[in-house]
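Residues per chain are reported as follows:
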Amino acid sequence: MLSIKDLHSHYGLSHVIQGISLEVAAGEILGVFGRNGVGKTTLLKNIAGWVKPSSGSIELNGQAIGGIEPDAINRAGLAIVPEDRRIFPGLTVQENLELGLLGLKGAKPASKLNPVLERFPRLAERAKQSATTLSGGEQQMLSLARIMVAEPRVVLIDEPSEGLAPMIVAEIFAIVREMRDAGCAVVLVEQNIHEALAVCDRFVLIERGAVVFAGAAEDDAARAALLEKLAV
Amino acid sequence: MESYLHYVLAPQMLNGLALGISVILVALGLTIIFGLLDVINMSHGEFYAIGAFGALALSLSGMNYWVLIALVPLLMIPLGIITERYLIRRVYDGADRHVTTLLVTFGLGLILEDILKILFGPNTHRPANPLPGATDLFGIVIPTYRLFLIAIGAVVILAVTFVVYRTRLGAIVRAASFDRNMAASLGVRVGWVYSGAFAFGVTLAGLAGVLLAPVYSVFPTMGRDFILLAFTVVIVGGLGSIWGAVIAGIFLTQVQAISSLVISPVWADPIVFGVMVLVLMFRPQGLFGRMGHA
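Residue numbers (UniProt numbering), protein chains in the order written: chain Y, 1 to 232; chain P, 1 to 294.
These aren't lab readings, by the way, just hints derived from the structure by calculation. Keep in mind the model is a prediction, meaning the values are calculated, not measured. Careful: at least some of the hints might be erroneous.
Here are the simulated EDC-like pairs of lysine to aspartate or glutamate, each with C-alpha atoms no more than 20 Å apart in a straight line [stated by the list, open to error]:
#	chain 1	residue 1	chain 2	residue 2
1	Y	Lys52	Y	Glu28
2	Y	Lys52	P	Asp93
3	Y	Lys52	P	Asp96
Please build the complete structure, drawing on both the sequences and the hints.
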């Protein structure tokens, strides 16, 4: 579904991504782990089109999406839930969700919001409120719900549990599982390693912009090696 | 006292309101372009002048003024789209984009001003007033055209605020204004939104030019004079704030109008700019928040 080959990316003179290659299949969650500043978020920004790669290829179902505009990448079926949620504070909850309709091909009926509002009843109750009035957990729900409207095929999620209470984190990871079960390919960047390993199918460890270790989440030896490398 | 109110203060305030509405139309374009593109359009005054000259040229060819009010703004749309696509966008993603877009639009303004001089000469023109005479409004006598100016300006301002704050298109514009990347990743065609917003801002400037042409003189440097006040309104109201532009536009032009009654009119502009300095000292971000922000 999502295939990245020998990706390189720079911020000015800083070589942030140094030849990353990875694949994520439909119905699979790939955990991307590593310490702060190793290039995890930059990797997601390259895939989503927010940062132009210096070289390498990014393909979604065989379609090259590397370096094209974020809206075109969205129409190809990829969505991103960024680190700081990036909800639109000047808009209501409903308006934030309706923006998700733009990712739909063809007609964009408001009725497409109904399944999402049913899944997130707290957002339905607060539909007319300004998005800024939501709690941190509700804002994260909104950020996830907003992309679910367009039923993307690939979802990039960056640090969804950051700063949230354990109960909310559990709910968020349950939603991530639902996405996977619906056939979505999910790339999950997360610092909360233990929680993330419980939902991931595979993982990669990034150091200095390169994948240095990879394994299956069910493989006890691989998990132990990962935790040792991260000194968790 | 009553006669002072009826024959001096109220007409002066209504005249100030007519000017205020016109300034708001220009300032709205400026603030929408800044709020969305983060570009200070230094050529905005020249687009206002183009609107006025467009009305002048077409009216000389015999076209009805009421048709011009709709036609000239429509003609401004492609001009705005071309400017955004082929000038602004070329420098938009550069490292020093605030400086480069400022210089590019400043240079464009100089070129447009010179083109107007070449085409129409440096002299002042005065199109015929389509609504001559005065109207008695509850005992207050005001030139009919200025009354019309207030009415049509108010309708346009209300329509703009309605579209921006109450429609899905407006939500898209506000979202793109707040976070370009996130909006694009949800499917917003940000390039189109930017072109459309720039063209819309330029169209509002052109409309203000058409509306003011019968009131003020039409000359190639008219934009330079008028834009100073519009910039003041945008700075006081808050860069990128639609409501800020509306309220600051009315407030500052009323300050200008009323102060002219008690002190020499030559002090009206220094007072208005003094208000701007005070606002910058105590509230540098302006009175209201930027479009798309909470």
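Hints and how they fare:
no.: 1; hint: Lys52(Y) with Glu28(Y); verdict: violated, 26 Å
no.: 2; hint: Lys52(Y) with Asp93(P); verdict: holds, 12 Å
no.: 3; hint: Lys52(Y) with Asp96(P); verdict: holds, 18 Å
Checked against the numbered hints above, the structure breaks only hint 1 and satisfies the rest.
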